[in-house]
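Note that the protein sequences, when read in sequence, are chains A and B.
One rule links them: number in this note's numbering = place in the first sequence (from 1) + 84.
One rule links them: number in this note's numbering = place in the second sequence (from 1) + 9.
It is possible that some hints are incorrect.
Stated by the list, open to error - Simulated coverage check for chain A against chain B, where a stretch passes if three residues somewhere in it have a Cβ under 8 angstroms from a Cβ of chain B:
| no. | region |
| --- | --- |
| 1 | 386-394 |
| 2 | 663-673 |
Said to hold, decoys possible - Just the calculated beta-carbon pair ranges, DEER-fashion:
| no. | chain 1 | residue 1 | chain 2 | residue 2 | range |
| --- | --- | --- | --- | --- | --- |
| 3 | B | Pro180 | A | Trp504 | 54 to 62 angstroms |
| 4 | B | Arg299 | A | Pro689 | 51 to 59 angstroms |
| 5 | B | Arg302 | A | Arg188 | 36 to 44 angstroms |
| 6 | B | Arg47 | A | Val676 | 40 to 48 angstroms |
| 7 | A | Ala557 | B | Ala272 | 26 to 34 angstroms |
| 8 | A | Asp653 | B | Ala262 | 29 to 37 angstroms |
| 9 | B | Ile53 | A | Leu657 | 42 to 50 angstroms |
| 10 | A | Trp636 | B | Ile53 | 39 to 47 angstroms |
| 11 | B | Ala309 | A | Cys123 | 28 to 36 angstroms |
| 12 | B | Ala262 | A | Phe697 | 42 to 50 angstroms |
| 13 | A | Pro463 | B | Leu271 | 46 to 54 angstroms |
| 14 | B | Ala272 | A | Leu130 | 25 to 33 angstroms |
| 15 | A | Gly663 | B | Leu24 | 50 to 58 angstroms |
Simulated from the structure, these hints should not be mistaken for laboratory data.
Quick reminder that beta carbons are idealized off the backbone N, C-alpha and C, glycines included.
Listed below are the residues making up each chain.
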Amino acid sequence: MALEALLWCAAALLGTSVAAVAAARHRAASAPVYGVALCASAAAMLVAGRSLVTAGPLASALLLPVGLPWLGAHFRLDALAAFFLLVVNLGGATASLYGLGYGRHEEAPARVLPFFPAFLAGMNLVVLADDAFTFLFTWEFMSLSSWALVMAHHRRPGNAVAGYIYLLMASFGTLALLLAFGLLAGPAGGYAFDAIRDSAPSASVSGTVLALALVGAGSKAGLVPLHVWLPLAHPAAPSHVSALMSGVMTKVAVYGFVRVVFDLLGEPSWWWGALVPFLGGVTAVMGVLYALMEHDLKRLLAYHTVENIGIIFIGLGLALAFQANDMQGAAALALTAALFHVFNHSVFKSLLFFGAGAVLMRTGERDMEHLGGLIHRMPYTAFAFLIGSAAISALPPFNGFVSEWLTFQAILLSPALPQWSLKFLVPAIGALLALSAALAAACFVKAFGVTFLGRPRSQVARDATETDAWSLAAMFVLVALCLVAGILPGYFIDALSPVTQALVGAHVPRQEERNWLMIVPIAESRSSYNGLMLFAFIALAALSATYVIHRWASAATRRSPPWDCGFPDASPLTQYTAGSFSQPIRKVFGSVVFRAREEVHIPAPGDARAARFHVSLRDVPWDVLYVPTASFVNFTARHLNKVQFLTIRAYLSLVFAALVVLLIVLAIWQ
Amino acid sequence: MAVALDAVVQLGQLLLVLALAPLLTGYVRRVKARLLRRQGPPLIQPYRDLYRLLRKEVVLAHTASWVFRVAPYLIFATTWVAAALVPTFASGLVFSYAADMIAIVALLGSARFMLALAALDVGTSFGGIGSSREMMIASLAEPAMLMVVFTLSLLAGSTQLSSIAAFMQGPGIGLRVSLALALVGLIMVAIAENARIPVDNPTTHLELTMVHEAMILEYSGRHLALIEAASHLKLLLYLSVVACVFVPLGIAASGQGPTAYLAALAVYVAKLAAGGFLLAVFETAIAKMRVFRVSDFLGAALMLGFLATLLLFVSRVA
């Protein structure tokens, strides 16, 4: 029943998309399109959420007579799919709500409106797909519809390149997944997921499938070094689509990885549990360092997606390591941490992109160096962005902290692992995780502080106004979720228990039986956390301090110019900028990671030219991996090009040579 | 009955840390002054300072937003709650299960986040310099602290400070290389986090070297009083953590009678006095380092914490 309802929601989205093709030339079409998308996503979210929390086995399957004639299209709803549908449709619903306001100012509605519901439908269908063909088809559909949205403003500088790189990386990822499913299906070609689950691939095959799944899903999710397209493509799209791509589509990629590796592939080997968390740890630290070097608000957020995907993959990899050693309880904890972070990241990343979109819409500016002081002009947006920043920086009492805390707890279970390499590796990954959390806080002090605090650095920042009510509504729904998931995490963890039960055969202890809404992942003597109590204490302490001070001490306030050690400067350009804020961190980390070099040109005395300061950064994965690949492809293409201009005799002899070679090969083969 | 006593003790601890923190700062200043053969301010000078600041009006920059005004209250509240969660003289109290050591580190992170934002709020270059440097220091100090937490919790099988303290009191702990490394790492982090010499100088107003003082340059009146109180609390918190984990002698367990609590309180004050004295001696003996040497200092702390974790697997108990 629930499955049918979800498919109808996806069908409604697809129908809207078709209808929007005709209507999209009119600006008035925006409201109905986003309205229908909002209703369909909200309905799908409720259905998925209900199937997740109602107890009992809920897997239901359905075969539709579309697609390959001998296969049909299989759809299935189980706990894992229900959880990811909840994440997808929560993002979809809030993005549609945001779009109701944001979309009115869209300059090219005909390029956005038809693809937006199609993109939502594509993501829903990927999660529901239950055979390899349907999965890959809907995966490509999702990629292409989001590519169209990236190219919505294709005339802006940089967007065409972003779209091109995105298209390349998406095809590359799908190719890897295609090969992975080919290996899984085996020579018999059982493409339905049920058939794949029953087959038992050999160790070498499943190792190859894991590598291919890492490449395929990792390129969509943004694992380093496959992340290069994210910071280009995510910011190029309209902001609510950026939120969907960063907050939700990367989660669909995580879903693809979990589905293939945890569900279809069977028993993991221990080295998977070393490889995946290692990649995750590197991704987390690299992502946040990239973000720190970035001044473009939306690109900074996209790089933070890379970081958070790293954190999620740390959790997933630990789950694999524990599962390979038959430690189901620990695997369940690690998987719960990863999935909870999936939910949390989708919430605060959408929120932050909505905030960045509001700033972009009201100022036309994405570069932080031209912003500042927006808290006075856009107070509600600033508040929402502040909460999102605190949540993504893993600060209690918000939700980001809880999932990172759970990941730490999973890491602390690692000494029980029998493999020495894992014993040594996992604490190192813990250090990387701690480093990325601390750097994320630095990065969001920069992002919020430079954009919203201080004095405006340009006229557009001075003239900005508060954004519309729809956008604010979408942001504040997510603000509330950040807080609720942070102070009542027990309910969210309990909701994940059917998922982990199905995937690793265990779940963390039920949290709702605990007193005082405490969360206790293993045992009380080991570790516990109570977000509600912390929140109540902080609130109580702050309020009592306020009361005592305003009651008995001075409450007088006087406004004056800033003190600034006696030398206040009238020009807002003397403030700390994003570049100067991250300079110490660039000096400490960037000189190694990015080969950052600072050059200062000071003209000779008497020379009236201005002094110049130049920072050069190298993007090492790009220079080492992508540039040589691209030049190799160019080289081969240039030389193969000669084959196009041969004489007919040469072609005939080529055909003849090919035939001879083929026959020789056949003769040897027999 | 036991729960009621626990709650009373917990409330007592909440007020105790608040009452003791300025005294500790005054004591450290006094010892430092005596070591420099100065008379030094009286022990209660920090209380007088706080009292005077509370009675003065706040001078607020025109460009300050609500973040600037709300931040001191939140910084004070989070630091206070974090300090009250550390077992001082009694372990296993009711609230101590609300947050483990990771959460305490993260709570201090929340306070720092607010302070760094407040420093950027007015839009002056000093606020920016302090904020930027503070976040650079924190980006190394926080992972170093977490590595120390890792070492301790892998040993004790728990991230709860109460359980760690109980484990450290018990038999079978022995002398371990890991513990020594963790102690050194923790002290280095504590020095950096509390803006003490050689990382930062709490008494300086020399612009180019200050970090913490640069951030609070625009604050005055009751706001400044709250931030000062929070930094007193933070110093007390770190000394309490060191005392509770590495010198767990005399901490009263939950459910012991009032006399045990009183004895434990006396031991706790003695431990603070000893810790404060050592801090003062250390600060007097060493010179402040350049800002960009701090990364080496904290990188060493991070490596020590990491080594401590790794050595757990290969070392034997002596």
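Checked hints:
Coverage of the region 386-394 of chain A by chain B is violated. Counting CB-CB distances below 8 angstroms, 0 residues qualify, and the rule asks for three or more. Only when three residues or more bring their CB closer than 8 angstroms to a CB of chain B does the claim for the region 663-673 of chain A stand; here the count is 8, and the claim holds. For the hinted restraint 54 to 62 angstroms between B/Pro180 and A/Trp504, the CB-CB distance of approximately 28 angstroms leaves it violated. Between B/Arg299 and A/Pro689, the C-beta spacing of about 28 angstroms breaks the proposed range 51 to 59 angstroms.
Separated by about 54 angstroms at the C-beta atoms, B/Arg302 and A/Arg188 break the suggested range of 36 to 44 angstroms. For the pair B/Arg47 and A/Val676, the beta carbons lie near 44 angstroms from each other, so the given range of 40 to 48 angstroms is met. In this structure the hint that A/Ala557 and B/Ala272 lie 26 to 34 angstroms apart at CB is violated, the actual value being about 58 angstroms. A hinted range of 29 to 37 angstroms for the beta carbons of A/Asp653 and B/Ala262 is inconsistent with their spacing of about 58 angstroms.
Judged by the Cβ atoms, the range 42 to 50 angstroms given for B/Ile53 and A/Leu657 holds: they are separated by roughly 46 angstroms. Range check, A/Trp636 to B/Ile53: Cβ separation about 19 angstroms, and the 39 to 47 angstroms hint is violated. For B/Ala309 and A/Cys123, the Cβ-Cβ distance of about 58 angstroms falls outside the hinted range of 28 to 36 angstroms, so the restraint is violated. Checking the proposed 42 to 50 angstroms range against B/Ala262 and A/Phe697 shows it is violated: the Cβ atoms sit about 60 angstroms from each other.
In this structure the supplied range 46 to 54 angstroms holds for A/Pro463 paired with B/Leu271, their Cβ-Cβ distance being about 51 angstroms. For the pair B/Ala272 and A/Leu130, the supplied restraint of 25 to 33 angstroms is violated, since their beta-carbon distance comes to about 59 angstroms. For A/Gly663 and B/Leu24, the Cβ-Cβ distance of about 46 angstroms falls outside the hinted range of 50 to 58 angstroms, so the restraint is violated.
Hint check: violations occur at hints 1, 3, 4, 5, 7, 8, 10, 11, 12, 14 and 15; the rest are consistent with the structure.
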